[in-house]
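K.L.:
What follows is the residue order along each chain.
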Amino acid sequence: MNDKILALIIAAANDLNQKLENKIPIDRGVDAPLYGQEGVLDSLGLVSLLVSVEQSIEDQHHVKLTLADERAMSQKRSPFQTIGSLVEYVARLMRNGA
Amino acid sequence: MEPKLDAPVTLITGTRKGIGKFLAHHYAQQGHHVVGCSREAVDWALDGYEHYLADVSDESAVKDIFSAIRKKYRRVDHLINNAGIASMNHTILTPQSTVRKILSTNFVGTFLFCREAAKLMERHRYGRIVNLGTVAVPLRLEGEAIYAASKNAIVAFTQVLAREVADLGITCNVVGPTPIETDLIRSVPRQKIDRIVNSLAIRRLGKFEDVANVIDFFLKPESSYITGQVIYLGGV
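As you go down the protein sequences, you meet chains L and U in turn.
Mapped onto this note's numbering, the consecutive letters of the first sequence carry residue numbers 37 to 134.
Mapped onto this note's numbering, the consecutive letters of the second sequence carry residue numbers 50 to 285.
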């Protein structure tokens with residue numbers, strides 16, 4: 037399952053990169069920084085990525101997730117710090133049937 | 050007459066009766082695809098209108114509506130958060146359960162619809178959000194403390210949201226109606242309504258058309274430079 041989620045997030049990041057000056061380094065795979073201390077996304081960029089991921093999950097897996105988290109904007113504890121932490125976060129929500 | 054394929058998609062909450070029902074007809078007549086919702090079924094039908102049964106404070110029901118809109122239209126252009134409840138009472142006599150109910154429907158409902166609409170609008174870098182306030186806020190109407198507080202929360206939320214989504218091409222504004230002949234004020238004593246009306250610059254009850262006129266203005270594509278604003282009717 038994590039592989040499918042990773043592929044979906046990479047595809048969403050690729051789409052978003054078309055619009056970004058400071059691009060997500062997708063070649064770093066799960067280590068690619070998204071948001072936070074090393075992240076390349078500002079808050080609007082993060083919102084765009086997460087909206088795209090939510091919609092892809094609904095289209096491909098028929099699961100309605102809400103990628104909202106109290107720690108979202110935390111520089112240190114955000115689940116959106118890297119592609120890898122986002123994969124883990126989405127997988128956890130899907131396991132919990134959120 | 051069915052709307053054209055590329056006609057605007059307008060989502061309105063609380064369409065079973067009152068202002069919401071009027072707005073659904075108003076925008077359907079203008080050729081919009083109108084999507085509405087309420088807790089109970091509507092007893093009317095309209096070309097270009099589709100209805101969903103939902104409690105606006107139920108996150109999963111709200112997500113279902115947006116999922117259906119996304120599948121059918123791929124977008125939403127306008128959101129009008131009209132659903133609201135009121136309870137006339139002195140604060141000292143107000144049970145906590147009433148406070149929770151009013152905040153849930155009026156504020157949490159508005160938040161959920163704004164959040165989900167902004168996600169769809171973000172994809173197209175275009176959107177108009179209009180939330181319903183009330184003159185009970187600036188008039189500080191006694192007996193409406195909780196209702197006014199819930200609507201003032203909507204004002205503060207709208208003004209901050211306006212800044213958060215401005216770069217996405219989304220505007221967010223509030224229209225604050227005066228009392229209108231709807232179910233919401235039917236239980237209010239006539240004397241009190243007269244007192245409110247007499248405190249306005251224009252001394253009459255509001256009409257649905259007065260509300261629609263302000264919303265028309267906020268929804269116009271040309272209103273792209275108008276955001277975070279509150280327009281009260283009647284000259285408060």
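Just so you know, not all the hints are guaranteed correct.
To be verified - Straight-line C-alpha distance at most 30 Å; calculated DSSO-like pairs for lysine-lysine:
(1) U:K120 with L:K40
(2) U:K121 with L:K55
(3) L:K112 with L:K55
(4) L:K55 with L:K100
(5) U:K53 with U:K150
(6) U:K66 with U:K150
(7) U:K269 with U:K241
(8) L:K59 with L:K112
(9) U:K150 with U:K269
(10) U:K53 with U:K241
(11) U:K112 with L:K55
(12) U:K66 with U:K121
(13) L:K55 with U:K256
(14) U:K256 with U:K150
(15) L:K100 with U:K241
(16) U:K120 with L:K55
(17) L:K100 with L:K112
(18) U:K269 with U:K120
(19) U:K256 with U:K120
(20) U:K269 with U:K256
(21) L:K40 with L:K55
(22) L:K59 with L:K100
(23) U:K112 with L:K40
(24) U:K112 with U:K150
(25) U:K121 with L:K40
(26) L:K100 with U:K150
(27) U:K120 with U:K66
(28) U:K112 with L:K100
(29) U:K256 with L:K100
If you're looking for bench data, these hints aren't it; they were derived computationally from the structure.
K.L.:
For every hint, state whether the structure bears it out.
P.N.:
Going through the hints against the structure:
{"no.": "1", "hint": "U:K120 with L:K40", "verdict": "holds, 22 Å"}
{"no.": "2", "hint": "U:K121 with L:K55", "verdict": "holds, 26 Å"}
{"no.": "3", "hint": "L:K112 with L:K55", "verdict": "holds, 26 Å"}
{"no.": "4", "hint": "L:K55 with L:K100", "verdict": "holds, 26 Å"}
{"no.": "5", "hint": "U:K53 with U:K150", "verdict": "violated, 39 Å"}
{"no.": "6", "hint": "U:K66 with U:K150", "verdict": "holds, 19 Å"}
{"no.": "7", "hint": "U:K269 with U:K241", "verdict": "violated, 35 Å"}
{"no.": "8", "hint": "L:K59 with L:K112", "verdict": "holds, 21 Å"}
{"no.": "9", "hint": "U:K150 with U:K269", "verdict": "violated, 33 Å"}
{"no.": "10", "hint": "U:K53 with U:K241", "verdict": "violated, 45 Å"}
{"no.": "11", "hint": "U:K112 with L:K55", "verdict": "holds, 27 Å"}
{"no.": "12", "hint": "U:K66 with U:K121", "verdict": "holds, 25 Å"}
{"no.": "13", "hint": "L:K55 with U:K256", "verdict": "violated, 45 Å"}
{"no.": "14", "hint": "U:K256 with U:K150", "verdict": "holds, 27 Å"}
{"no.": "15", "hint": "L:K100 with U:K241", "verdict": "violated, 46 Å"}
{"no.": "16", "hint": "U:K120 with L:K55", "verdict": "holds, 24 Å"}
{"no.": "17", "hint": "L:K100 with L:K112", "verdict": "holds, 27 Å"}
{"no.": "18", "hint": "U:K269 with U:K120", "verdict": "holds, 25 Å"}
{"no.": "19", "hint": "U:K256 with U:K120", "verdict": "violated, 35 Å"}
{"no.": "20", "hint": "U:K269 with U:K256", "verdict": "holds, 21 Å"}
{"no.": "21", "hint": "L:K40 with L:K55", "verdict": "holds, 24 Å"}
{"no.": "22", "hint": "L:K59 with L:K100", "verdict": "holds, 28 Å"}
{"no.": "23", "hint": "U:K112 with L:K40", "verdict": "holds, 23 Å"}
{"no.": "24", "hint": "U:K112 with U:K150", "verdict": "holds, 20 Å"}
{"no.": "25", "hint": "U:K121 with L:K40", "verdict": "holds, 26 Å"}
{"no.": "26", "hint": "L:K100 with U:K150", "verdict": "holds, 26 Å"}
{"no.": "27", "hint": "U:K120 with U:K66", "verdict": "holds, 27 Å"}
{"no.": "28", "hint": "U:K112 with L:K100", "verdict": "holds, 7 Å"}
{"no.": "29", "hint": "U:K256 with L:K100", "verdict": "violated, 39 Å"}
Consistency with the previously given hints fails for numbers 5, 7, 9, 10, 13, 15, 19 and 29, ordered from lowest to highest.
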